[in-house]
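K.L.:
Just need the whole structure built from these sequences, with the hints factored in.
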Amino acid sequence: MDVGIYLRKSLDVLEAYAYAEELSARLSKAVALPVDVVVLNFAPSWLRRRALKGLELFVKDELLWAAV
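Quick note, the sequence shown lines up with residues -12 to 55 if you use my numbering.
Don't read these hints as lab results, they were simulated from the structure.
With a straight-line cut-off of 20 angstroms between C-alpha atoms, the simulated SDA-like cross-links for lysine to any residue are:
1. 40 - -10
2. 40 - 30
3. 47 - -11
Each pair of labels, with its calculated beta carbon distance range:
4. 54 - 15: 27 to 33 angstroms
5. 9 - 47: 16 to 22 angstroms
6. 42 - 1: 24 to 30 angstroms
By construction, the Cβ of each residue, glycine as well, lies at the ideal position given by its N, Cα and C atoms.
P.N.:
Below you can see the structure in the form of structure tokens.
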């Protein structure tokens, strides 16, 4: 399963990827499936477009989602 996240916190690239790795491990354990988490803030544009075409599981900030 692929999961794209957008972080509102000001993290540098290394902190963001460390967070994504931790979240990936936690989600994989919770659903008993491999989960790949991508931080959309630092993803290439083609990957951001692909993620936005997928199924949205959870949107915390509707205004931000609409702006994207």
